[in-house]
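Here is how the chains run, residue by residue.
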Amino acid sequence: DAKTTQPPSMDCAEGRAANLPCNHSTISGNEYVYWYRQIHSQGPQYIIHGLKNNETNEMASLIITEDRKSSTLILPHATLRDTAVYYCIVVRDYKLSFGAGTTVTVRA
Amino acid sequence: DGGITQSPKYLFRKEGQNVTLSCEQNLNHDAMYWYRQDPGQGLRLIYYSQIVNDFQKGDIAEGYSVSREKKESFPLTVTSAQKNPTAFYLCASSIEPHSNQPQHFGDGTRLSIL
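Line by line, the protein sequences are chains A and B. Just so we're aligned, residue 304 is where the first sequence starts under the working numbering, counting upward by one. Just so we're aligned, residue 2 is where the second sequence starts under the working numbering, counting upward by one.
Hints in this document: simulated from the structure, not taken from any laboratory. All figures in this text were calculated on a predicted structure; none of them were measured in a lab. C-beta: ideal position from N, C-alpha, C; glycine also. Treat the hints with care, since some could be wrong.
Derived CB-CB ranges, DEER-like [stated by the list, open to error]: (1) A:G332 with B:P40: 32 to 38 Å; (2) B:E16 with A:T408: 35 to 41 Å; (3) B:S8 with A:T375: 35 to 41 Å.
Take the sequences, apply the hints, and build the full model.
So, in structure tokens, the structure goes:
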């Protein structure tokens with residue numbers, strides 16, 4: 304599976320949009336980009352995934368560049384409950400593999 | 002509500018003892034998975050099951066065993082052969098195996114050695 308690179312941490316103001324970048328320059332044509340988040344001592348929570356097109360659901364939007372080498376997760380209106388570690392992963396089959404992720408801290 | 006239930010939340014094991022972690026789902030998912038999460042090492046796949054009465058080893062199956070007698074249930078036994086069992090264990094399920102449907106996780110069981 305392709306490796307992903309994320310910044311180790313970022314802060315966000317409550318009520319503002321949070322834009323989380325992810326690089327996956329070695330992604331292959333049939334690999335999807337997934338985003339999960341994990342709050343301390345809880346299981347990972349699925350957020351969104353996509354292949355080529357931009358995707359939006361009730362939690363977030365996923366913007367994938369045309370060359371698919373990077374993507375951005377957008378939390379439109381961050382709340383304190385969005386404070387978590389966010390994982391960007393590339394998945395071709397069933398095996399998930401989380402790296403270090405981005406620790407997002409939403410501040411009041 | 003539909004979801005994945007793992008129990009217990011915390012578990013302590015004595016040296017030489019086998020322990021079983023429970024995972025139940027009411028999502029009607031065919032595929033179920035067990036992962037282990039250690040600090041600084043991300044998530045590693047222990048076992049997975051695509052359908053009832055079938056399961057395959059993941060990357061770190063040694064010292065673990067599973068069964069899949071019912072669609073809803075996928076218990077994991079940590080045997081005494083597992084020399085470093087202290088970790089956070091996560092169970093997940095997905096609609097079908099080998100697809101691009103997301104895996105959904107339970108809230109984990111934290112296992113510690115006494």
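So, going through the hints one by one against the coordinates:
no., hint, in the structure
1, A:G332 with B:P40: 32 to 38 Å, "holds, 34 Å"
2, B:E16 with A:T408: 35 to 41 Å, "holds, 39 Å"
3, B:S8 with A:T375: 35 to 41 Å, "holds, 37 Å"
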